[in-house]
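Student: Sequence:
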Amino acid sequence: MKVRCSLKSAKVRDKDCKVVRRKGRVYVINKKKPKMKARQG
1 MKVRCSLKSA KVRDKDCKVV RRKGRVYVIN KKKPKMKARQ G
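Everything in the sequence shown is counted per our numbering, starting at 1 for the first residue and increasing by one.
Just to be clear, a hint being listed does not mean it is correct.
[As the list claims (entries may be wrong)] Below 30 Å or equal to it, Euclidean Cα-Cα: the simulated DSBU-like pairs (lysine-lysine) are: (1) LYS37 with LYS15; (2) LYS18 with LYS32; (3) LYS2 with LYS37; (4) LYS11 with LYS35; (5) LYS11 with LYS33; (6) LYS37 with LYS18; (7) LYS31 with LYS2; (8) LYS15 with LYS35; (9) LYS35 with LYS18; (10) LYS32 with LYS15; (11) LYS11 with LYS37; (12) LYS35 with LYS23.
Hints listed in this document are in silico derivations from the structure and should not be mistaken for laboratory results.
If you're wondering where the values come from, they're calculated on a predicted model, not measured in any experiment.
Sequences and hints are given; from them, build the entire structure.
Tutor: Below you can see the structure in the form of structure tokens.
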């Protein structure tokens, strides 16, 4: 999982990406391509 300053760049790469908030952190999750996982903060 990548830790990024901006998750906008992680989200635009694939149309299946979803941005979710968990425990005060922002995550990008992608069921079809787990490689796209990213976290902010």
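Student: Which of the numbered hints are not met once you compare them with the structure shown?
Tutor: Structure breaks no hint.
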